[in-house]
Amino acid sequence: MDKDKRMQKIVFWLFLAPALISFFMVQIIPFVIGFYYSFTDWSATAQITLNFVGLKNYADAFKDTTFLYSTIITSIYTLLNIVLVNVVAFGLALLVTSNIKFRNIYRAGFFLPNVIGGIILGYIWQFIFNRFVPFVAGSWGITYLTENLMLANSRTALLALVIVSTWQYAGYIMMIYVAALQNVPRDLIEAAQVDGATPWQRFKAITIPMVRPAFTVTLFLTLVNSFKQFDVNTSLTGVGPSTMFMGRAINGTELLAMNISNTSLILRNTAMAQAKAIVFFVVLVVFSLLQVYFSKKKEVEL
Amino acid sequence: MKKILILISILLVAFSLAACTPKEEQIEITFKQNKPEIDGQLQAFAAAYEAETGVKVNVVSCGGSSCSLGDMLRSDYASGNLPEIFTIDGIEAYNEWAAVISDLSAEKWVADTDVAFKVGGKVVGFPVNVEGWGMAYNADLLEAADIDPATLNNYDAYLAAFEKLEAMKVELGIDSVVSMAAGPGMYWVTGHHNFNSLLSNGLPYGDLSVTNALLAGNVDAARLGEYADWVNLLFKYADKTVLTTGNYDSQVGAFLNQKAVFLHQGNWVDGNLKDATFDMAFAPHGSSKTATDGIFVSAPAWYIVNKDSKNAEAAKDFLEFMVYNQIGQDYMVNKAGMIPAFKNVTIEPTGKLSKSVLTWAKAGKIYSWNQYNFSGEFRDNKLGPIYNQLASEAITVEQFKELITQAFKDNAK
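First to last, the protein sequences are chains H and G.
Positions 1 to 302 (my numbering) are the ones given, in order, by the first sequence.
Positions 1001 to 1413 (my numbering) are the ones given, in order, by the second sequence.
One or more hints might be untrue.
Using 16 Å as the maximum straight-line C-alpha spacing, the simulated EDC-like pairs for lysine to aspartate or glutamate come out as follows [to be verified]: (1) K1236(G) to D1156(G); (2) K1118(G) to E1107(G); (3) K63(H) to D1410(G); (4) K1352(G) to D1279(G); (5) K204(H) to E190(H); (6) K1236(G) to E147(H); (7) K1365(G) to D1293(G); (8) K1240(G) to E147(H); (9) K1362(G) to D1293(G).
To give an idea of the chain G side of the interface with chain H (calculated C-beta under 8 Å), a few residues [as the list claims (entries may be wrong)]: (10) D1076; (11) S1079; (12) P1184; (13) G1185; (14) K1236; (15) T1241; (16) T1244; (17) T1245; (18) D1249; (19) G1253; (20) E1377; (21) N1381; (22) P1385; (23) N1388; (24) Q1389; (25) L1403.
Just so you know, these hints were derived from the structure itself, not from any lab.
For clarity, every value in this text was computed on a predicted model and none was experimentally measured.
For glycine and all other residues, C-beta sits at the position ideal for the given N, C-alpha and C.
Assemble the whole structure, with the sequences as input and the hints as a guide.
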């Protein structure tokens, strides 16, 4: 009996081992090493001496105007993205849980973009924005759209990023809302109906409060994912059309993750990139915790 | 049942560990280079080399917009697997790897080339090939417009030609006069290649006077002014879509499909222009009011040998074989379509633009590549966005000059 239990434990840990080992190898250990590197002059080159420089990398990162700019546009992007993804996803979820025909096909269709990788998606949409839109607009005689390409201006390029990531991500978030909407008790709604509540009242007073836990999850997912945006950014806009910021011409759609990667790969300042990554991590954790805390407070339980 | 499960899990873990153990075998060298377009040819050459000498050469190609050789080498270095031979593209990369780079001064091929990579009198890099760029022109279209390409050698000549061609757009069936790219991802066309006109056009080969002055933050306003007019001229007569959002394919495609008369690229586009039915060649850049007579030619990259590898000698033999053996020469020129950097190689490339580069080079009418004296960060992140601002007409030529001047001053600090 006792031996059996021990066996079970061993099997349990053995099955868990591959996942645990890889998690430690590629997440925990690099994170700890990276945290240490952010206080040194680590350069990842063939000169091995490592000197401790204290908070210099952090000071440099905060003085870097591109980092400031990236933080600003990433925040704007995140805000726009959270709103648009959730509004679209919730709308779609209401649509596919209503009594329309072919709702299962719609469900699959809306989810489909999520299975396509972000890099490929970016290239497809690049084609749409650069070739398809001007072509169609041109044949309709809308010269404004053929002369002002969305990806040629940093502001509209950011908007293009929001459109594409909404297209990609709304289906996934929709599925979470669908699950939540299906769990709203029918008897509550019927009771309200008997009491003479209008559809809007039923929606506001029953549906919304009942799906609040889903909001906590979806807001968290969209917040974190928008902040960490990298793949669509890389393939759709790259560093983007340039823009003027604090008297200098700089890259217009370099979101935070890309700014960090470029600090390391183009500026060749790996230690500063590491410091930026730590700042990024802290900011993301703080925002996510705040969001979850406030969302949780608004949840109701039956 | 449970025992079987345990056994399987133990075996799985054991196998995954066993996969990491190294094996003993023949001499093997790893060769990492940054030209994906010649990967197939290089693989075939490596196979032929193995058949000839028994030394196995593993070719890995990593370059273009999808793969960064620098990153790959950095992770190789971190894992202790730095290849025997790899490509460096200039002084920045040399500095990064200086600690592991072999001195190749004693190699036989050193006497047969002018473009080896030298540092402090020592030869350290094997020139991959010779490349060049100027303004590539469609000779047939120029003839149709009655413009003699030999007259294209300064700003005014180009201005007159561009105006004439612009007026004949419908007649010639072109979308724009120039095929130029300044969008994101194409900053190497503006911030690297075009930028070099400012640094070396009209100067003796290897003259770093302008470059050094700019590195020190001293901007010659007259030279910059003429250069800025040239940039503006190219942008003004370019197709806006290709200019602001186009990639390499759309830029070269416009020239290939005869939708543009001029192309701002180098002889490496020969591979993309195999189907071209028209004649083409290079003309000098028009970045100054006074006439210039030459195009920009240099070795773009060098192979270096990792001195810490136990197979460093085998790697040197491999490079020598490439220069002096028939198979190696055939690979470089006929198969890979490169312009050889070695005088003993008599085979000539077939690409029309490569031939043009060779013609200019043989006449000694060449200007150097000085842009790599500025860091990649400066060219990509500081200059690129400024060109892009001008291309999208967000700033004027005056502002362009101010921003460039400011960028040089910031860079000198």
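Checked hints:
1. Only pairs whose Cα atoms come within 16 Å are accepted, and K1236(G) paired with D1156(G) is accepted, the gap being roughly 15 Å.
2. Distance hint between K1118(G) and E1107(G) is fulfilled; the C-alpha atoms sit about 13 Å from each other, no more than 16 Å.
3. For the hint linking K63(H) to D1410(G), the alpha-carbon distance of about 14 Å falls within 16 Å, and the restraint holds.
4. Distance hint between K1352(G) and D1279(G) is fulfilled; the C-alpha atoms sit about 8 Å from each other, no more than 16 Å.
5. Distance hint between K204(H) and E190(H) is fulfilled; the C-alpha atoms sit about 15 Å from each other, no more than 16 Å.
6. For the given pair, K1236(G) sits about 14 Å from E147(H) by alpha-carbon distance, which is consistent with the 16 Å threshold.
7. This hinted pair checks out: K1365(G) and D1293(G) have alpha carbons roughly 6 Å apart, not beyond 16 Å.
8. About 8 Å separates the Cα atoms of K1240(G) and E147(H), which keeps this hinted pair within 16 Å; it holds.
9. Pair hint K1362(G) plus D1293(G) holds up; C-alpha atoms about 13 Å apart against a cutoff of 16 Å.
10. Nearest Cβ of chain H to the Cβ of D1076(G): about 11 Å, over the 8 Å cut. The hint is violated.
11. Because the beta carbon of S1079(G) sits about 12 Å from the nearest beta carbon in chain H, more than 8 Å, this interface hint is broken.
12. Below 8 Å, beta-carbon pairs count as interface contacts, and P1184(G) has one with chain H at about 4 Å; its hint therefore holds.
13. Proximity of G1185(G) to chain H holds as hinted, the smallest CB-CB distance being about 5 Å (cut-off 8 Å).
14. With its C-beta approaching chain H no nearer than about 15 Å, K1236(G) sits outside the 8 Å limit, and its interface hint is violated.
15. A cut of 8 Å between beta carbons decides the hint on T1241(G): the least distance to chain H is about 6 Å, and the hint holds.
16. Taking 8 Å as the C-beta cut-off, the interface hint given for T1244(G) holds, the closest approach to chain H being about 4 Å.
17. For T1245(G), the shortest C-beta to C-beta distance to chain H is roughly 5 Å, which falls under 8 Å, so the interface hint holds.
18. With a cut of 8 Å, the hint placing D1249(G) at the interface with chain H is violated, because the nearest CB-to-CB distance is about 11 Å.
19. Proximity of G1253(G) to chain H is violated relative to the hint, the smallest CB-CB distance being about 12 Å (cut-off 8 Å).
20. A least Cβ separation of about 5 Å between E1377(G) and chain H falls short of the 8 Å threshold, and the interface hint therefore holds.
21. The beta carbon of N1381(G) is positioned within 8 Å of a beta carbon in chain H (closest approach about 6 Å), and the interface hint is therefore held.
22. Proximity of P1385(G) to chain H holds as hinted, the smallest CB-CB distance being about 3 Å (cut-off 8 Å).
23. Hint status for N1388(G): holds, given a least beta-carbon distance of 4 Å to chain H, under 8 Å.
24. With a cut of 8 Å, the hint placing Q1389(G) at the interface with chain H holds, because the nearest CB-to-CB distance is about 5 Å.
25. Hint status for L1403(G): holds, given a least beta-carbon distance of 6 Å to chain H, under 8 Å.
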